[in-house]
Amino acid sequence: MLTTKPNPNVALPELEFLAEDTLISIIPTHRMDTLHFISGSYGPFKPPNRIEVPLWLARLLKKKRRCHIQPPAWLDVTYLQRKYDEEQRQPDRFSGLPFAYMEIAHVLLECAAADDIPQAHTVQRLLQDLREIRQSKARAGLAAVNPIYLQMDNLSAVEINEIRPMFCQAFNQLQRLESQGPEYGGMPNNYESSQPSSSYQY
Amino acid sequence: MDEDYGDVTPITHDAHPGADAEPNIDELLQGALGTYGQIETTEFDGNFTNEDVKKLTRTWLNEKQAPDLLPYQDQLVGDLTEMVQNQLQLVDALQEESAGQAFIAMLYQSELERIKFVIRSYLKVRLQKIERYIMLYASSEDHLARMSLGERAFAVRYKSLFENHLHKTCLDKLPESLRSLDENNGNISMVTVPNLRSAVVCRVLTNVGDYAITETETVDMRKDNIFLVSYDSIQNLLDSHSIELI
Chain A
1 MLTTKPNPNV
11 ALPELEFLAE
21 DTLISIIPTH
31 RMDTLHFISG
41 SYGPFKPPNR
51 IEVPLWLARL
61 LKKKRRCHIQ
71 PPAWLDVTYL
81 QRKYDEEQRQ
91 PDRFSGLPFA
101 YMEIAHVLLE
111 CAAADDIPQA
121 HTVQRLLQDL
131 REIRQSKARA
141 GLAAVNPIYL
151 QMDNLSAVEI
161 NEIRPMFCQA
171 FNQLQRLESQ
181 GPEYGGMPNN
191 YESSQPSSSY
201 QY
Chain B
1 MDEDYGDVTP
11 ITHDAHPGAD
21 AEPNIDELLQ
31 GALGTYGQIE
41 TTEFDGNFTN
51 EDVKKLTRTW
61 LNEKQAPDLL
71 PYQDQLVGDL
81 TEMVQNQLQL
91 VDALQEESAG
101 QAFIAMLYQS
111 ELERIKFVIR
121 SYLKVRLQKI
131 ERYIMLYASS
141 EDHLARMSLG
151 ERAFAVRYKS
161 LFENHLHKTC
171 LDKLPESLRS
181 LDENNGNISM
191 VTVPNLRSAV
201 VCRVLTNVGD
211 YAITETETVD
221 MRKDNIFLVS
231 YDSIQNLLDS
241 HSIELI
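So the protein sequences, as listed, match chains A and B. Position 185 of the first sequence, counted from 1, bears residue number 185 in the UniProt record's numbering, the numbering being contiguous throughout. Position 195 of the second sequence, counted from 1, bears residue number 195 in the UniProt record's numbering, the numbering being contiguous throughout.
A hint or two may mislead.
As the list claims (entries may be wrong) - Each computed EDC-like pair below joins lysine to aspartate or glutamate, with the alpha-carbon atoms no more than 20 Å apart: (1) B:55 <-> A:16; (2) A:46 <-> A:33; (3) B:55 <-> B:74; (4) A:64 <-> B:113; (5) B:55 <-> A:21; (6) B:173 <-> B:183; (7) B:124 <-> A:14; (8) B:55 <-> A:110; (9) A:46 <-> A:116; (10) B:116 <-> A:14; (11) A:63 <-> B:74; (12) B:116 <-> A:153; (13) B:159 <-> B:68; (14) A:64 <-> A:116; (15) B:55 <-> B:131; (16) B:116 <-> A:33; (17) B:55 <-> A:14; (18) B:223 <-> A:153; (19) B:116 <-> A:20; (20) B:55 <-> B:224; (21) A:63 <-> A:129; (22) A:137 <-> A:153; (23) A:63 <-> A:132.
Unchecked claim - DEER-style ranges, computed between Cβ atoms: (24) B:212 <-> A:143: 21 to 29 Å; (25) B:89 <-> A:179: 53 to 61 Å; (26) A:44 <-> B:110: 15 to 23 Å; (27) B:190 <-> A:132: 43 to 51 Å.
Everything labelled a hint here was simulated from the structure, so no lab data went into it. Idealized CB from N, CA, C, for every residue including glycine.
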């Protein structure tokens, strides 16, 4: 038909938008009354007391120099190194990281790397290493695709988004072949085939 | 003193960052491992969170991934639209006041933009589906029942425009027997229908236990498991909010 098919892929900025709902600890530098948002109330802000706010708010406050960000416990050299070792030890499993770890790390490193994140460069390098080792595992998973189901625990949002076009198409194609008896010469074509769209680079 | 200001998620609820013992990070992460919508409506030391925005976000993502049109969330969109209107008035009032209030108004405004983005995205992905599968949806009671009043009106009008266009540009010049738009020939139909068996990625929200995804295949579905499955095999679970599409 004439219109385009809705694209099930989520764009990277959308993933980052979603991750910005995650709560993050900050230490405000200015006093401020409780803020009453539609999605919830946060405050009062009384320096130097720690408080949790959504990441999008933390980012805004940080940009206006109204808070220090306390990086989450996992955004830490020792922790990430341990996760990397874990990834190496388990070639067929993924270690548990927050679902949006890449997006959260990206936002935090962008707005607070200079003063709030210790050893930001090493953190960044470890994240890159983790990403690469997990990415190659995820891609190797394509061999396991079958027309019934595939379990992919602990994959993160960005990682799922990257393999989705390829994996879904493989799944649909296998399903089609299986449902096709030998009496059919061709494929039933009243179903749409899903077109792979380009993958996202982080 | 941290506890005075209330923690909304379980992430630090159990954590005492100042304590001597090293906190078990994996345990702390349990809360953070969920996707975007696990925070319940809670009153906790004066802090509260409202589930509606999270619910709508999840509704949008489900709609985006599902091959077929899902039931319209009338109440949710209505409630949030009203809250957005009220908050807009508050923002206007704040902007009139001092410079300090203008900063707070800017923060509120940012949240409003986020919510409006989710509402818009949700409505847009639905309209895309309605346009795509108009020949099926506009003549299926089941699908019409899943639409909002506005969407139903749109579907009817879009269908007539679409048919008129095809007739005027081409079909009316053909013999009458070739003018139909919804013919079946063998197992080939002229009507584009969504493939309900297409693959989706889902995350389990509550322990489901053994679930039959096909006649012969049963899977143990536990909270936080992620599966690549065909949409029709997990449609029931989506209806009962046991899973979300990601």
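- Query: Any of the earlier hints contradicted here, and which numbers?
  - Reply: Failing hints, ascending: 8, 11, 12, 15, 16, 21 and 23.
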